[in-house]
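Chemist: Each chain is listed here by its residues.
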Amino acid sequence: SQTIHQWPATLVQPVGSPLSLECTVEGTSNPNLYWYRQAAGRGLQLLFYSVGIGQISSEVPQNLSASRPQDRQFILSSKKLLLSDSGFYLCAWSVRPSGRMSHYEQYFGPGTRLTVT
Amino acid sequence: GDSVTQMEGPVTLSEEAFLTINCTYTATGYPSLFWYVQYPGEGLQLLLKATKADDKGSNKGFEATYRKETTSFHLEKGSVQVSDSAVYFCALKNNNNDMRFGAGTRLTVKP
Chain A
27 SQTIHQWPAT LVQPVGSPLS LECTVEGTSN PNLYWYRQAA GRGLQLLFYS VGIGQISSEV
87 PQNLSASRPQ DRQFILSSKK LLLSDSGFYL CAWSVRPSGR MSHYEQYFGP GTRLTVT
Chain B
100 GDSVTQMEGP VTLSEEAFLT INCTYTATGY PSLFWYVQYP GEGLQLLLKA TKADDKGSNK
160 GFEATYRKET TSFHLEKGSV QVSDSAVYFC ALKNNNNDMR FGAGTRLTVK P
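Keeping their order, the protein sequence lines are chains A and B.
Per the working numbering, residue 27 is the first one in the first sequence, and the count goes up by one each step.
Per the working numbering, residue 100 is the first one in the second sequence, and the count goes up by one each step.
In case anyone wonders, no lab produced these hints; they're calculated from the structure.
Quantities reported herein were computed from a predicted structural model and do not represent experimental measurements.
Careful: at least some of the hints might be erroneous.
A few chain B positions that, by computed beta-carbon distances, are all more than 12 Å from chain A [as the list claims (entries may be wrong)]:
| # | residue |
| --- | --- |
| 1 | 111 |
| 2 | 153 |
| 3 | 157 |
| 4 | 171 |
| 5 | 177 |
| 6 | 178 |
| 7 | 201 |
| 8 | 210 |
Computed Cβ-Cβ distance ranges for the label pairs, DEER-style [to be verified]:
| # | chain 1 | residue 1 | chain 2 | residue 2 | range |
| --- | --- | --- | --- | --- | --- |
| 9 | B | 155 | A | 143 | 41 to 49 Å |
| 10 | A | 52 | B | 167 | 35 to 43 Å |
| 11 | A | 37 | B | 158 | 30 to 38 Å |
| 12 | A | 141 | B | 138 | 15 to 23 Å |
| 13 | A | 33 | B | 116 | 35 to 43 Å |
Glycine included, every Cβ here is placed at the ideal spot set by N, Cα and C.
Could you build all of it, start to finish, from the sequences and the hints given here?
Modeler: Now the structure itself:
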């Protein structure tokens, strides 16, 4: 069966410090990978998605970046954190669709709660 | 663009009450529709899904029917429990395989 891991679970970082959040998926190959942010009391905002190693698409301009050094590893980074980067970060994976349409859902990791002070 | 609108929360119910959380969508083509649940401090879990019109998704006593004529996918449960307290997200996946989530509805069930 497939599992998705995220770490750390919680993180408190000062403004201006770097960030690295890691997400790994087990039990599947060639997944699509996603990073979302959930700010307090708000819905999900898609930050990045990746359809393969080294292939990253950014949905919104921001202070963050993402990388996919291996097929099942997705990393969210920042060189200098801002207060507004605080939130709950969720990694997700889905089966890579074949053909024009796919009904595959996304599966989410447990999340990382980031507090920037 | 494609979007999902769900009823604003918070929703507070007593145990064994009937639950409805409204969800409507805007999309071109034939999206797949999903309900996800997020328990406190956790990630999202898929609750149920429907991939075509008139399909009914069901799980753990929750149901939702894909209504193309009203572009809706309302979540219902006949008798809620305290353990159902969570945030519920309606979502669609469009023809481009893009997911769109609603803003989430927080449900609190009191004993």
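Chemist: Each of the hints needs a verdict: does it hold here or not?
Modeler: Going through the hints against the structure:
Distance to chain A confirms residue 111 of chain B as a non-interface residue, since its nearest Cβ pair spans about 16 Å, more than 12 Å. With a cut of 12 Å on Cβ distances, residue 153 of chain B stays outside the contact zone with chain A, its closest approach being about 15 Å. Every Cβ of chain A is farther than 12 Å from the Cβ of residue 157 of chain B; the closest lies at roughly 15 Å, confirming the non-interface assignment. Distance check for residue 171 of chain B against chain A: the nearest CB is about 18 Å away, which clears 12 Å, and the non-interface claim stands.
Residue 177 of chain B, annotated as away from the interface, keeps every beta carbon of chain A farther than 12 Å; the closest lies near 24 Å. Residue placement check: residue 178 of chain B keeps its beta carbon more than 12 Å from all beta carbons of chain A (closest about 26 Å). Against chain A, the non-interface label of residue 201 of chain B is violated: not every CB pair exceeds 12 Å, the least being about 6 Å. Against chain A, the non-interface label of residue 210 of chain B holds: every CB pair exceeds 12 Å, the least being about 25 Å.
Checked against the hint of 41 to 49 Å, the C-beta distance between residue 155 of chain B and residue 143 of chain A comes to roughly 47 Å, which is consistent with it. About 37 Å separates the C-beta atoms of residue 52 of chain A and residue 167 of chain B, a value consistent with the hinted range of 35 to 43 Å. Checked against the hint of 30 to 38 Å, the pair residue 37 of chain A and residue 158 of chain B passes, with Cβ atoms roughly 32 Å apart. The given range of 15 to 23 Å is respected by residue 141 of chain A and residue 138 of chain B, whose C-beta atoms sit roughly 20 Å from each other.
A hinted range of 35 to 43 Å for the beta carbons of residue 33 of chain A and residue 116 of chain B is consistent with their spacing of about 38 Å.
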